[in-house]
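First residue of the sequence shown? That's 1 in the numbering used here, and the numbers climb one at a time after it.
Hints were generated in silico from the structure; no laboratory data involved.
Keep in mind that the hints are not guaranteed to be accurate.
Claimed, not checked - Below, computed lysine-lysine pairings styled on BS3-like, alpha-carbon distance capped at 25 Å: (1) Lys-407 with Lys-334; (2) Lys-93 with Lys-70; (3) Lys-309 with Lys-345; (4) Lys-229 with Lys-259; (5) Lys-105 with Lys-33; (6) Lys-41 with Lys-76; (7) Lys-15 with Lys-105; (8) Lys-46 with Lys-345; (9) Lys-93 with Lys-27; (10) Lys-93 with Lys-41; (11) Lys-115 with Lys-41; (12) Lys-309 with Lys-196; (13) Lys-93 with Lys-105; (14) Lys-70 with Lys-407; (15) Lys-46 with Lys-309; (16) Lys-15 with Lys-27; (17) Lys-229 with Lys-105; (18) Lys-154 with Lys-309; (19) Lys-15 with Lys-76; (20) Lys-334 with Lys-46; (21) Lys-334 with Lys-345; (22) Lys-41 with Lys-196; (23) Lys-33 with Lys-46; (24) Lys-27 with Lys-46; (25) Lys-154 with Lys-105.
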Amino acid sequence: MLNYYQLEQGIGISKYLFPDLSPINQKSAEASKDTVYLLDKIDIRKNQCCSLVQQLSQVIDNESFASFRKDSPLNKMSTGYPQWALDRINQRKVYRVNTTHPRWKHRIGLRYSDKKRVHIAGLGDVGSTLLTGLRLLGSDTIESIGIFDLSSQKVQRWLHEGNQIASINYQAYPTINSIDENDLFHCDVFVFCIAKQVPALDATNVDVRMAQLEANAGIVRHYAQLARKHEFDGLFAVVSDPVDQLCQVAYVESNHNEKGEFDGLGLYPEQVKGFGLGVMNARAHFYASSREDLAHFHHEGRVFGPHGKGLVVANSLTDYNPTYSEWLTDQTLKANLVVREIGFKPYIAPALSSGSLSLLATMNGSWHYSTVFINGVYWGCLNRTEHLTQEWEIHDYPQTLYAEIEKTYRQLEAFSWSY
């Protein structure tokens with residue numbers, strides 16, 4: 001038996017009873033044209049608090065990697081929900097809500113203004129370059145940019161230099177302001193660009209990104225706890241390496257109380273996003289452009305997975321070729337090493353492609369590459385976001401390609417479950 005409720009945001013449907021909600025009858029619920037919220041109870045650690053339903057597989061049981069497949073067998077199973085409600089999936093008006101989460105009511109009420117207040121922590125090579133990109137391109141999306149760094153000299157430098165980036169159209173650029181640590185989370189978007197350790201240019205036989213995990217995990221843990229303290233409701237964007245693993249650290253650590261118990265009172269899982277895949281797509285496109293037989297990548301190619309080892313580049317979703325894809329993947333993974341061999345740290349393209357451009361796309365609801373949270377894993381793919389709600393691309397994947405990306409997903413899953 002299903003229960004129907006009138007919520008402020010729309011119609012709630014659930015097999016569970018909620019004495020504190022306002023019940024309505026099925027006829028009234030069906031007559032309403034409002035958004036539908038499927039009120040469920042699932043694992044709090046491995047599922048989003050509020051997720052857009054794109055196909056039936058996302059309604060059945062816990063979230064799973066099958067949610068990325070249009071041809072998933074789960075799409076043929078019965079959900080137990082009325083057809084009139086499921087018919088609204090194609091209108092993007094059905095959400096699954098995890099009521100196990102202690103703040104689910106607050107979550108479904110979150111709405112954000114068109115122009116965002118962005119705060120950046122860390123003004124090193126990546127942070128300062130990212131800041132430059134946001135200053136130049138953020139006029140339609142960003143209200144203001146707050147900057148923080150442990151070095152007051154860096155802050156003062158970018159207050160002067162950053163605000164002096166302008167044409168005669170002076171109002172076209174968001175103002176840059178200095179902020180202190182206690183103000184970091186008084187914003188809509190927090191961007192984590194702090195890196196304690198960046199391997200030297202002559203470092204060899206080392207996964208540069210994973211070498212940064214141990215050092216940077218402690219720093220992101222501090223800011224995740226600070227976000228919890230300030231009851232931060234905005235986007236927690238991770239740009240520092242290793243992006244995908246640090247997202248997991250931020251989410252999990254923010255949700256532990258002083259006793260070390262996971263209580264769900266920190267960041268929502270979908271509130272954290274990692275920005276590292278944008279540059280991998282740009283690098284794959286760069287190498288594809290060097291070959292006439294890979295010109296189709298511009299329209300048909302995709303990248304999946306982490307920003308580093310485990311990345312999968314697909315030459316095409318419609319005409320997948322393992323040989324082409326393996327070559328593109330290999331070239332893309334080596335791209336940063338090429339720049340290091342020339343004698344430079346490869347931070348400009350990541351800061352702009354993964355950082356500035358992808359962040360702006362996230363803020364304005366456009367398709368871009370970043371992570372989404374699915375079954376406890378921060379997974380890199382093409383997606384878009386609205387009010388923290390994630391929508392990812394769904395395909396009928398060639399079986400060989402699907403096996404490759406699922407393999408990488410399982411590797412990230414092993415890390416997330418062990419953390």
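The hints, checked one at a time:
{"no.": "1", "hint": "Lys-407 with Lys-334", "in the structure": "holds, 21 Å"}
{"no.": "2", "hint": "Lys-93 with Lys-70", "in the structure": "holds, 19 Å"}
{"no.": "3", "hint": "Lys-309 with Lys-345", "in the structure": "holds, 18 Å"}
{"no.": "4", "hint": "Lys-229 with Lys-259", "in the structure": "holds, 15 Å"}
{"no.": "5", "hint": "Lys-105 with Lys-33", "in the structure": "holds, 21 Å"}
{"no.": "6", "hint": "Lys-41 with Lys-76", "in the structure": "holds, 22 Å"}
{"no.": "7", "hint": "Lys-15 with Lys-105", "in the structure": "holds, 17 Å"}
{"no.": "8", "hint": "Lys-46 with Lys-345", "in the structure": "violated, 36 Å"}
{"no.": "9", "hint": "Lys-93 with Lys-27", "in the structure": "holds, 18 Å"}
{"no.": "10", "hint": "Lys-93 with Lys-41", "in the structure": "holds, 20 Å"}
{"no.": "11", "hint": "Lys-115 with Lys-41", "in the structure": "violated, 34 Å"}
{"no.": "12", "hint": "Lys-309 with Lys-196", "in the structure": "holds, 21 Å"}
{"no.": "13", "hint": "Lys-93 with Lys-105", "in the structure": "holds, 17 Å"}
{"no.": "14", "hint": "Lys-70 with Lys-407", "in the structure": "holds, 18 Å"}
{"no.": "15", "hint": "Lys-46 with Lys-309", "in the structure": "holds, 23 Å"}
{"no.": "16", "hint": "Lys-15 with Lys-27", "in the structure": "holds, 17 Å"}
{"no.": "17", "hint": "Lys-229 with Lys-105", "in the structure": "holds, 19 Å"}
{"no.": "18", "hint": "Lys-154 with Lys-309", "in the structure": "violated, 32 Å"}
{"no.": "19", "hint": "Lys-15 with Lys-76", "in the structure": "holds, 20 Å"}
{"no.": "20", "hint": "Lys-334 with Lys-46", "in the structure": "violated, 33 Å"}
{"no.": "21", "hint": "Lys-334 with Lys-345", "in the structure": "holds, 13 Å"}
{"no.": "22", "hint": "Lys-41 with Lys-196", "in the structure": "violated, 39 Å"}
{"no.": "23", "hint": "Lys-33 with Lys-46", "in the structure": "violated, 31 Å"}
{"no.": "24", "hint": "Lys-27 with Lys-46", "in the structure": "violated, 34 Å"}
{"no.": "25", "hint": "Lys-154 with Lys-105", "in the structure": "violated, 41 Å"}
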